[in-house]
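Asks: For chain A, the structure is supplied; the task is to place chain B on it using the hints.
Sequence lines, in order, name chains A and B.
For the first sequence, numbering that gives the first Met the number 0 gives the first residue as 0, with consecutive numbering after it.
For the second sequence, numbering that gives the first Met the number 0 gives the first residue as 0, with consecutive numbering after it.
Since the hints were made in silico from the structure, they are not lab data.
Where is the CB? At the ideal position from N, CA and C, for every residue including glycine.
Keep in mind that the hints are not guaranteed to be accurate.
To be verified - If we take Cβ atoms under 10 Å as the criterion, some of the chain B residues that face chain A in the derived model are:
hint	residue
1	Thr2
2	Leu6
3	Ala9
4	Thr15
5	Asp65
6	Ala71
7	Val76
8	Gln167
9	Leu214
10	Ile216
11	Ile218
12	Phe248
13	Arg252
14	Tyr287
15	Pro292
Said to hold, decoys possible - Pairwise CB distance ranges, derived in the manner of DEER restraints:
hint	chain 1	residue 1	chain 2	residue 2	range
16	B	Lys224	A	Lys156	23 to 33 Å
17	B	Ile306	A	Met53	52 to 62 Å
18	B	Lys397	A	Lys224	32 to 42 Å
One-letter residues, chain by chain:
Number of protein chains: 2
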Amino acid sequence: MTTQILLNLAIILFATKALGMIARRLGLPQVVGAVLAGLLIGPAIWPGLGLDFMVLVNPLADGTIDAIKVLAEIGVVMILFSAGLETDLKELKRTGAAATGIALAGVFVPLVLGTVVTSLFLGGVSMLADPEVLIQCLCVGIILTATSVGITVEALKEMGKLNTKIGQTVLSAAIIDDVIGIVVLSVVLSISGGGADVGHTLLMTVLFFVCAIGLGIPINMLFKKLSQKYDHKRRIPIFGLIVCFLYAFCAERLFGIADITGAYIAGIVLCNVKDTSYIDRKIGINSYMLFSPVFFASIGLTTSITIDASVLLFALCFALMGIIGKVVGCAGLAKCFKFDNTDSLIAGVGMLARGEVALVVCNKVLSAGVFEGSIIDPTLPTILLIVTTSLLAPIGLKLLFGKKDKMENGRIQGMYDRVGQPPLDK
Amino acid sequence: MTTQILLNLAIILFATKALGMIARRLGLPQVVGAVLAGLLIGPAIWPGLGLDFMVLVNPLADGTIDAIKVLAEIGVVMILFSAGLETDLKELKRTGAAATGIALAGVFVPLVLGTVVTSLFLGGVSMLADPEVLIQCLCVGIILTATSVGITVEALKEMGKLNTKIGQTVLSAAIIDDVIGIVVLSVVLSISGGGADVGHTLLMTVLFFVCAIGLGIPINMLFKKLSQKYDHKRRIPIFGLIVCFLYAFCAERLFGIADITGAYIAGIVLCNVKDTSYIDRKIGINSYMLFSPVFFASIGLTTSITIDASVLLFALCFALMGIIGKVVGCAGLAKCFKFDNTDSLIAGVGMLARGEVALVVCNKVLSAGVFEGSIIDPTLPTILLIVTTSLLAPIGLKLLFGKKDKMENGRIQGMYDRVGQPPLDK
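Next up, chain A with everything else stripped away, as it sits in the complex (with noise of 0.2 Å):
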């Protein structure tokens, strides 16, 4: 067994990374590529075309399947440790109301619209009476809420518009969208892990944020001074990543809730001492040189997809309600906060883009069993997703923040035609 998981892992870093960069040569981001190279080698679309020969990595048949399972969640554990590192609190707090306005309509829109396309396809509306379907809708609904927040930085960074307000702001209500989401995952998750108490578990989970923040005060504060006496020596990164494992463990064993959420807030705990950027980006180079690949590719290597009609349909209505609900949601609520129609446009398209906090939910959901036995699987529909909105997001923003900046110098160039001044150059 541990001989067939090194063959193993060196077939998924290799489909993972070359179809990675083919993603990436079509503008698309490079975990679309990890995701489609696990179900490429692995067993989900060709035993069901007769193709078994096709199947190169099947970690059920030949017991490779724990390791994966142990590597892709010490990936994803990584991931969202790395998100919370890249946090920027004080940027947070600057742009706080208008961006938290945006981040909860962005995450309640969609999550309503797709809880209730959703329950259409179980069955109608009603159907959400039955605490099982309502919690599958739910879930659905859960998927769509997480903005990708690399994206739009690449997106805002290469057209010179990271620093504007809107820029800013859409930032930090994409970091802040995630908390949210991964705090109603966790509820969710932990409603339909059993007990089904919501009292109880909205209690576990304002406990864990209150220990979690207790704790990390010293514990930053702790790192301040390891990083002042031991600026960039190996123990710094390797104390970082042991409080990351000590969170997830203790968000999930003692408080029921999802570990990632506590590899999420182990990440803010640290994410302000002078080494934050070395730690992260130590965790950085496991994560991409063994984890991650791991962790997306599993995702494809564990599912097993039969596309018909049906399931096509339901994808692409996942798709729409993923769009409009972000975009619908987001830019109304920048219109609250007074930005003109073209910013709110902007915060609504900026928010658009899904990504690896996506395929980490529907990981998380699927494999807490919720659509076992359903006629719903998510994978596909969160890729789709993931294509379309990273494909629009960019090419949306350009055209906003062209027209917005077309607009500016006519407004200026008008300025200076009342008062006979010569147009400012462009």
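Replies: Showing chain B alone in chain A's frame:
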């Protein structure tokens, strides 16, 4: 299970790092601390003393043993891959003849001594006629063979003697020594693994090296091209790791040779491309952040030790044979290559230090089941050997180089005395 592993990893990382730092303060290599950490946090010693509550990590009991084994295996493969990457082929060629001679003597003298002395503990030299006893004794001998390059290099660097003729010869010999040791291990293990046909095993070993080098040349050329074109891109170390995993897998599955041999040869295949040190750095970060602490701790976590007089006596004899065998073998052969007495002794003492490779071999032998049901367990003796030799080697080198410098200064002084010049400043 996947949550429990997070807690276990956090404890392992903390204990190995903390004890590793203490070991380094005491002038010992960090691996000694890491192995002791595994013994202290695991079920190796406490249950025997009735102190079960001291066991912090118990992989066999909590179901994480398979995950730990896989992570440890990846760790060991990375350690050997890295050792291969750090090989300097040019230097190896230059100092080739003398270094190969010293390495050969440094392998075979301890191997024979270890085999003979171990047989005394198993009923006398005549017992070597029993194949099972012979394999056990040979395996003990093999653990004694592998010199640790790291400690010697560090000591030589500190004294500014790495670039002397004897310094370079010792360095090359330590590398060749690893190759020979690993080949001998492969042969013995594959004989013990069933077939017991020495001819077939040797043939497969030769075939492996032919294929590994035959394929290695085009792979090396490919990487030279790749690292010209994609200098310092993530894909380079990822592709490197893929080659490493494939070599390790093929060595074990296709040729019946230890996977670590494959990983080591993969490292040598990539040891002279433009991005070698870049690959090595990325592998190193993955290794020290997670995989190698788990590997070193796993040795302690998976043994149970009962210390009595005979165990201690064996451990002492084992360490003594390791010390005498290396010094006598290497110094003796250096003398044959016309090094003077002091330089010959420097060769012997320089080859003395043992480190992670001894642990790798010990672990490999244990997991192959060679010592199942035997009264001998090489874990504790190996740790004792590492502790004593890694203290003795730097001290001995310092004394010998001090003596040599004094002698040379004396000689120069004498020359100047004869021609009436002032003495050389030191």
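Asks: Determine for every hint whether it applies to the structure shown.
Replies: Here is how each hint holds up against the structure:
| no. | hint | in the structure |
| --- | --- | --- |
| 1 | Thr2 | holds (5 Å) |
| 2 | Leu6 | holds (4 Å) |
| 3 | Ala9 | holds (4 Å) |
| 4 | Thr15 | holds (9 Å) |
| 5 | Asp65 | holds (6 Å) |
| 6 | Ala71 | holds (9 Å) |
| 7 | Val76 | holds (7 Å) |
| 8 | Gln167 | violated (29 Å) |
| 9 | Leu214 | violated (14 Å) |
| 10 | Ile216 | violated (20 Å) |
| 11 | Ile218 | violated (13 Å) |
| 12 | Phe248 | holds (4 Å) |
| 13 | Arg252 | holds (6 Å) |
| 14 | Tyr287 | holds (6 Å) |
| 15 | Pro292 | holds (8 Å) |
| 16 | B/Lys224 <-> A/Lys156: 23 to 33 Å | holds (32 Å) |
| 17 | B/Ile306 <-> A/Met53: 52 to 62 Å | holds (55 Å) |
| 18 | B/Lys397 <-> A/Lys224: 32 to 42 Å | holds (36 Å) |
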